[in-house]
Amino acid sequence: MKFVPVIIRYGTFALAIAGVFSMTSVMQIIHGQETKIPPPPGKPHGRVYESEVGATGILEALGDNVAIGVPVPGLVSEVKVKVSQKVKKDAPLLILDDRELRATLLRQKAAILVSEAKLEVSRAQLGKAQDMLDRLKAVTDQRAISQDDLKNRASDVAVAKAELSAADAQLQSAKADVQQTELLIERLTVRAPRDGTILQVNIRAGEYASIQNKQAALILGDLDSFQVRVDVDEQNAKRIQGKPAATAFLKSDPQTPYELEFDRIEPFVIPKVSLTGASTERVDTRVLQVIYRLKRPDQTPLYVGQQVDVLIQDEKDLSP
Amino acid sequence: MLRLALKMLFGDTGKYLMLVAGLVFATFLMAQQAAVFCGLMSWTTATLKNVPAPIWVVEEKVEQVNETNPLLDTDVARVRSVDSVAWAAPLYSGIQRVKLANGNFKMIQLIGIDATTLAGAPVNLKEGRLEDLRLPHAVIIDDLGVKRLASEKGKPVKVGDFFELNDQEARVVGIADAMQSFTGGPYVWTTYERAMQYTPAQRKMLSAVIAAPKPGVSDEQAVADIERQTGLRAYLNRGFGDSEKDFNTTTVWWYVKNTGIPISFGITVVVGFVVGMAISCQTFYTFVMEHMKHLGALKAMGASNGTLCMMLITQAFTVGLVGYGIGLFLTGGFAHAALQNKQPPFYMPMVVPFAVLGVILFICAVSALIGIWRVSRLEPAMVFRG
Numbered sequence: 001m002k003f004v005p006v007i008i009r010y011g012t013f014a015l016a017i018a019g020v021f022s023m024t025s026v027m028q029i030i031h032g033q034e035t036k037i038p039p040p041p042g043k044p045h046g047r048v049y050e051s052e053v054g055a056t057g058i059l060e061a062l063g064d065n066v067a068i069g070v071p072v073p074g075l076v077s078e079v080k081v082k083v084s085q086k087v088k089k090d091a092p093l094l095i096l097d098d099r100e101l102r103a104t105l106l107r108q109k110a111a112i113l114v115s116e117a118k119l120e121v122s123r124a125q126l127g128k129a130q131d132m133l134d135r136l137k138a139v140t141d142q143r144a145i146s147q148d149d150l151k152n153r154a155s156d157v158a159v160a161k162a163e164l165s166a167a168d169a170q171l172q173s174a175k176a177d178v179q180q181t182e183l184l185i186e187r188l189t190v191r192a193p194r195d196g197t198i199l200q201v202n203i204r205a206g207e208y209a210s211i212q213n214k215q216a217a218l219i220l221g222d223l224d225s226f227q228v229r230v231d232v233d234e235q236n237a238k239r240i241q242g243k244p245a246a247t248a249f250l251k252s253d254p255q256t257p258y259e260l261e262f263d264r265i266e267p268f269v270i271p272k273v274s275l276t277g278a279s280t281e282r283v284d285t286r287v288l289q290v291i292y293r294l295k296r297p298d299q300t301p302l303y304v305g306q307q308v309d310v311l312i313q314d315e316k317d318l319s320p
Numbered sequence: 321m322l323r324l325a326l327k328m329l330f331g332d333t334g335k336y337l338m339l340v341a342g343l344v345f346a347t348f349l350m351a352q353q354a355a356v357f358c359g360l361m362s363w364t365t366a367t368l369k370n371v372p373a374p375i376w377v378v379e380e381k382v383e384q385v386n387e388t389n390p391l392l393d394t395d396v397a398r399v400r401s402v403d404s405v406a407w408a409a410p411l412y413s414g415i416q417r418v419k420l421a422n423g424n425f426k427m428i429q430l431i432g433i434d435a436t437t438l439a440g441a442p443v444n445l446k447e448g449r450l451e452d453l454r455l456p457h458a459v460i461i462d463d464l465g466v467k468r469l470a471s472e473k474g475k476p477v478k479v480g481d482f483f484e485l486n487d488q489e490a491r492v493v494g495i496a497d498a499m500q501s502f503t504g505g506p507y508v509w510t511t512y513e514r515a516m517q518y519t520p521a522q523r524k525m526l527s528a529v530i531a532a533p534k535p536g537v538s539d540e541q542a543v544a545d546i547e548r549q550t551g552l553r554a555y556l557n558r559g560f561g562d563s564e565k566d567f568n569t570t571t572v573w574w575y576v577k578n579t580g581i582p583i584s585f586g587i588t589v590v591v592g593f594v595v596g597m598a599i600s601c602q603t604f605y606t607f608v609m610e611h612m613k614h615l616g617a618l619k620a621m622g623a624s625n626g627t628l629c630m631m632l633i634t635q636a637f638t639v640g641l642v643g644y645g646i647g648l649f650l651t652g653g654f655a656h657a658a659l660q661n662k663q664p665p666f667y668m669p670m671v672v673p674f675a676v677l678g679v680i681l682f683i684c685a686v687s688a689l690i691g692i693w694r695v696s697r698l699e700p701a702m703v704f705r706g
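Respectively, the protein sequence lines represent chains A and B. Position 61 of the first sequence, counted from 1, bears residue number 61 in the numbering used here, the numbering being contiguous throughout. To convert, count from 1 in the second sequence and add 320; that's the numbering used here.
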């Protein structure tokens, strides 16, 4: 029977050819798995300048945010402003409890009355002494009166005069006390140091405002234009020269560029506080801070405290 | 004459199968082991495949992707400041521990990517939306994680499921098709900022910066510029090759130099070669010896040594090609199963089948040579003596 060997012979041939095809398909599967590297799903902001320094920044209100403090620790009796309210210079912001000072004022006002009464008494006494002296002086024959008496009367007048001016001084002092207290009461009303918008209110009526509080009672800033505080790695600091142009991109929106206007370079290089998400400072690099101004755009809302990616123009290529 | 040679070969089916079997065995052993080795090595570069970016910037002394030395946060800005770079994004990559609902814990490879651009996000998303990664506590897991992170067997992780990552909640918003990691842990993607929260704090956390060259600049040029301007180490991400500047290449070579994996696989391949050679030569020699009578008769009938050589070579190479083909068939079957399950690792570079073919043909050539050596010394008169 030659049938089986023939099957085996051609079977092995077929298997061998199938093997080649099988391996070809395996190769195709394997190469099909190799994908080309696609661009990132979110389009990153492109380059703006021919040569540029990348940095991160944070939006601040122009001219730095003012952390409003209180002159003396005390109970807050009234907060006059709300968050995002616009205030003019010298507008009252918050009022501290002034009852203690007003109590003093009551006493001091009464003291004025006392001093005034005392002044009247002194004036009357002066009149009396003067009258007595005048009467003696009116005697035509001087021999009829004792010289001693006359001298005494004249002294009485001088004393009464001095007492009158002392009483007057006391009245002035009492009035000054009242004025002082009134000024102190006035001081308990915290006023806006300049025009701006209230960015944060961290205190409410009834709370105790203390100088030691970590958070400022109020934060006042100018929201019409921002400033961007840009952290440049100290290794790139030498590439910041002159007044370089810069463009910012919001971290959440890498497609909208914001033109920045150079303001100043902070001359003191500080340790970097991580702006990139972590809660603690943990990086031992130092950063040069460059401040740029940014006009508030009309359409897109910008908020103080937002993070931005900043590209700063660099005049020349850095080649070591 | 050649037909006669084949007739001689197929004449004894048992002998023929025996000859083929040796070469099948050798082919399978060499091709399959080489592919498993390449697969295992390609697993070491899985992070590079799963985090698609043309350029990786790492600390100066880093040699391979699974062992990085963290950088400063501001280094992202420094890479961005290099003129030939179009974009640069931070990347965290590290092994973390996941606690499941049933109390089990599993190792994972945590990847933290830039939240804005999602640069480094998985390419093939099977379920869920990539944008959801920006939601609170959101993570994307890979298809291995679907099984590995299931709290009950047979109940795979779905989109919307939770697990615990270093005591913090992580919610699955997507499932990606990804390459398996060398360490065996599934890949878990999240945003860079959230990865910082999930990971115990260290002084420096940034594993690498991924970047791309701006249009018109070659990857190589950008890599050179980054290294020159920042002093950091920049690598290409093209795939294993001969380039010293490719992260895949340096990673694979690191494993070749620092682990025993290539030796163990290399020995198996060599054993395949030696055993194949021994079986094949021996069987073919026996085959020639058995047919010595017929060859002698042919010689006596006036066939030249050259003709006889051609006959033996034909026989040896026929057996070789058939054995090689069947060996490939077995390897292919193994490969289909392995690629289906993604287990064990399997990666067949183009060169392997051809190299194996070369080795098999070499074995056949040697076998034929031994036969030829016998036949050439054959006296035609011997036929009549026997």
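Hints may be right or wrong, so weigh each one.
Computed cross-link-like contacts, DSS-like style, restricted to lysine-lysine with a CA-CA straight-line distance of at most 27 Å [what the hints assert, rightly or not]:
| # | chain 1 | residue 1 | chain 2 | residue 2 |
| --- | --- | --- | --- | --- |
| 1 | B | K381 | A | K238 |
| 2 | B | K534 | A | K43 |
| 3 | B | K369 | A | K36 |
| 4 | A | K251 | B | K534 |
| 5 | B | K613 | A | K36 |
Worth flagging that the hints you see were computed from the coordinates, not collected in a lab.
Going down the list of hints, with the structure as the test:
no. : hint              : verdict
1   : K381(B) / K238(A) : holds (26 Å)
2   : K534(B) / K43(A)  : holds (13 Å)
3   : K369(B) / K36(A)  : holds (10 Å)
4   : K251(A) / K534(B) : holds (20 Å)
5   : K613(B) / K36(A)  : violated (62 Å)
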